[in-house]
Amino acid sequence: MSHLHIPDGLLAPFWLIAGFVISFAWIGLALYKLSGADMKKHIPKLGMISAIALVAMSIPLGPLPAHLNLTVLIGILLGPWWGILSVFIINLLLGFIGHGGMSVVGLNTLIIGSEVLIGYLVFSYVRDRISLVKAVAVTVTLTIVLSNSLMVGILAISHTDPGQLVEFMGEDTHGHEVSEEDSYGASEEESHEALTGVKGDSASITEFHWEDFLLIVIPVALLGIVLEGLAISGILKFLQKVRPDYLDI
Amino acid sequence: MQLALVDFWALKGKSVLHLSSTKGKLIFAFASIFAIMITHSLDTMFYIISLLAILALSLRLPLSMFIHFLIYPLVFAGLFSLAITGVHAFLIVGKALASVLVWLILITTTPYVKILAELSPIMPRILLDGIYMTYRSFFLLIEQFSKFFLTLKFKGAYSPRRLWGNLSGISSALGIMLIHSIEQAERLYIILELRGYQGGFRLQREGMNAWDILPVATGLIIIALVVV
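Chains A and B supply the protein sequences, listed in that same order. Heads up: the first sequence begins at 6 in the working numbering, then just goes up one per residue. Heads up: the second sequence begins at -19 in the working numbering, then just goes up one per residue.
Treat the hints as calculated values from the structure; they're not laboratory data. For clarity, every value in this text was computed on a predicted model and none was experimentally measured. Do not take every clue at face value.
[As the list claims (entries may be wrong)] Among chain B residues calculated to face chain A with C-beta under 7 Å, some are:
| hint | residue |
| --- | --- |
| 1 | Ile7 |
| 2 | Phe10 |
| 3 | Phe14 |
| 4 | Met17 |
| 5 | Ala36 |
| 6 | Ile47 |
| 7 | His48 |
| 8 | Tyr52 |
| 9 | Leu54 |
| 10 | Phe70 |
| 11 | Ala76 |
| 12 | Gly110 |
| 13 | Met113 |
| 14 | Leu147 |
| 15 | Leu158 |
[Claimed, not checked] Computed spacing ranges between beta-carbons, pair by pair:
| hint | chain 1 | residue 1 | chain 2 | residue 2 | range |
| --- | --- | --- | --- | --- | --- |
| 16 | A | Ile22 | B | Val207 | 28 to 34 Å |
| 17 | B | Lys127 | A | Pro18 | 42 to 48 Å |
| 18 | B | Asp23 | A | Asp43 | 54 to 60 Å |
| 19 | B | Arg185 | A | Ala30 | 34 to 40 Å |
| 20 | B | Ile34 | A | Lys38 | 45 to 51 Å |
| 21 | B | Ile51 | A | Val150 | 27 to 33 Å |
| 22 | A | Leu220 | B | Lys133 | 31 to 37 Å |
| 23 | A | Gln245 | B | Glu166 | 18 to 24 Å |
| 24 | A | Val225 | B | Asp23 | 31 to 37 Å |
| 25 | A | Ala42 | B | Arg185 | 34 to 40 Å |
| 26 | A | Tyr37 | B | Pro101 | 16 to 22 Å |
| 27 | A | Pro224 | B | Ser30 | 32 to 38 Å |
| 28 | A | Ala30 | B | Phe10 | 22 to 28 Å |
Ideal Cβ positions, reconstructed from N, Cα and C, are used throughout, including at glycine.
Here chain A stands alone, though its shape is the one from the complex (with noise of 0.2 Å):
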């Protein structure tokens, strides 16, 4: 749920960059976590684990443009390095599909694979203390908030206003050079339309509402909450009552 669905071009390309940095620093970590494993047992559940998130990403959940992550699902069954890789690499088959744009897949591992970490962390530490039901709700809560949090953060400091971009590039939307003379002496809208070659005051025409944003985002999460929350407790009362050695954590 807190995936970043954003396109190509809109972050910084600073912002791209540490992403892919920190997550291939991430990942390089897990390699070397997992270099005395044992390649044929874990590569195969990778895969599958890795392809059953794939399926549940694919499948609308009814009238919302919503669906499943069960990426803590992943955290509990894999674990934490073995997660971090398959969080790329379902990222890295989802841009290719334009869910999220591929420049992002860096920040997008950092986003989700905090999910996976942060889902096994937290499930390891309560299932033993309360039910299962209760276990996964508090697990899953906690996650989503806190990804979800991470996106937003993500976002502000990243500065993702298309028209602070415009003007770090120096163009209008146009695509033309705008000089320093052009805005000199002139008046904040006339400014303005020399920056973005769109007339009319600066405040109605590059500005990133993020009230708006968080309206969409808070709804959003909260039912996030709600849907990975059940169907994960679902899958994982099914497999405690008929596979319960694959919850050994």
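Given chain A, work out where chain B should sit, using these hints.
Same frame as chain A, but now just chain B:
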């Protein structure tokens, strides 16, 4: 489920791009994405989308498949652009549309295995094997899930209008599939053990050919539209 169709057309399609090498198409893809990322002009974005649309139409593939993959990114780009006023909202939706078209053109003309082969020099073996296994497993699972899905529909456990009812049915189906898939993974482990797998599936790379002129030239034209 549409991913299975993508794979089918990547192998069976007949167009110039299907004859081009993977390297040529990757050059087109990365050049186009680079151009899409750096442009902030609505006019240029329009020209890029038009060129990509013409290229996509030349593939003579089912339009419904393209529309299916365009819906999600456009919906989310549209939601994101609701928080923005002005022409930049159109730019965001345009970038989403253009970048999805680029990747769709690539994956509907190039089997995944060939793309993986080209990535093999730069990717760790464990990740490459993981991607290959995920890709293979996805098609095994999607076939299983399609049968479950049909059963759910016949029994009235799935309807496009019911969110909560669907969730219950889908969770059960995923639970059953999860158990089958982990058991399949255990069987695959035995098979790999018997065949001496020690990590590292061998993937064959191909060289460039004369048909690459189309994707490479298209990529260069798109960059020129942005830079010039």
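Against the structure, the hints come out as follows:
Because the beta carbon of B/Ile7 sits about 15 Å from the nearest beta carbon in chain A, more than 7 Å, this interface hint is broken. With 7 Å as the threshold, the beta carbon of B/Phe10 stays out of range of chain A, its nearest partner Cβ sitting at about 9 Å, so the hint is violated. Against a cut-off of 7 Å between C-beta atoms, the interface hint on B/Phe14 is violated, since the closest Cβ of chain A lies about 9 Å away. The interface hint given for B/Met17 is met, as the beta carbon of that residue sits about 4 Å from the closest beta carbon of chain A, less than 7 Å.
Annotation: B/Ala36 was flagged as interfacial toward chain A, and the flag is violated, the nearest CB pair being 13 Å apart, outside 7 Å. Because the closest C-beta pair between B/Ile47 and chain A is about 12 Å apart, greater than 7 Å, the hint is violated. Taken as an interface hint, B/His48 does not check out: its beta carbon lies about 10 Å from the nearest beta carbon of chain A, beyond 7 Å. For B/Tyr52, the interface hint holds, since its Cβ comes within 7 Å of a Cβ in chain A; the closest pair sits about 6 Å apart.
Hint status for B/Leu54: violated, given a least beta-carbon distance of 9 Å to chain A, over 7 Å. The interface hint given for B/Phe70 is violated, since its Cβ lies 9 Å from the closest Cβ of chain A, which is over the 7 Å cut-off. For the restraint placing B/Ala76 at the interface with chain A, the shortest Cβ-Cβ distance is roughly 4 Å, inside the 7 Å limit, so the hint holds. Of the supplied interface hints, the one on B/Gly110 holds, with its beta-carbon coming within about 5 Å of a beta-carbon of chain A, less than 7 Å.
Evaluation of the B/Met113 hint against chain A yields a held restraint, the C-beta minimum of about 3 Å falling below 7 Å. Against a cut-off of 7 Å between C-beta atoms, the interface hint on B/Leu147 holds, since the closest Cβ of chain A lies about 6 Å away. The interface hint given for B/Leu158 is met, as the beta carbon of that residue sits about 6 Å from the closest beta carbon of chain A, less than 7 Å. Restraint check, A/Ile22 to B/Val207: a C-beta distance of roughly 21 Å breaks the suggested window 28 to 34 Å.
As the Cβ distance of B/Lys127 to A/Pro18 is approximately 45 Å, the hint placing it in 42 to 48 Å holds. In this structure the hint that B/Asp23 and A/Asp43 lie 54 to 60 Å apart at CB holds, the actual value being about 56 Å. For B/Arg185 paired with A/Ala30, a C-beta distance near 28 Å fails the hint of 34 to 40 Å. Under the hint 45 to 51 Å, the C-beta atoms of B/Ile34 and A/Lys38, about 48 Å apart, fit the expected range.
Under the hint 27 to 33 Å, the C-beta atoms of B/Ile51 and A/Val150, about 28 Å apart, fit the expected range. Checked against the given bound of 31 to 37 Å, the beta carbons of A/Leu220 and B/Lys133, roughly 35 Å apart, stay inside it. A beta carbon spacing of about 19 Å between A/Gln245 and B/Glu166 agrees with the range 18 to 24 Å that was offered as a hint. Checked against the hint of 31 to 37 Å, the pair A/Val225 and B/Asp23 passes, with Cβ atoms roughly 33 Å apart.
Restraint check, A/Ala42 to B/Arg185: a C-beta distance of roughly 27 Å breaks the suggested window 34 to 40 Å. At about 21 Å, the beta-carbon gap between A/Tyr37 and B/Pro101 stays in the expected band of 16 to 22 Å. Range check, A/Pro224 to B/Ser30: Cβ separation about 36 Å, and the 32 to 38 Å hint holds. Our hint of 22 to 28 Å for A/Ala30 and B/Phe10 holds, since their Cβ atoms are close to 23 Å apart.
Of the numbered hints listed earlier, those contradicted by the structure are 1, 2, 3, 5, 6, 7, 9, 10, 16, 19, 25.
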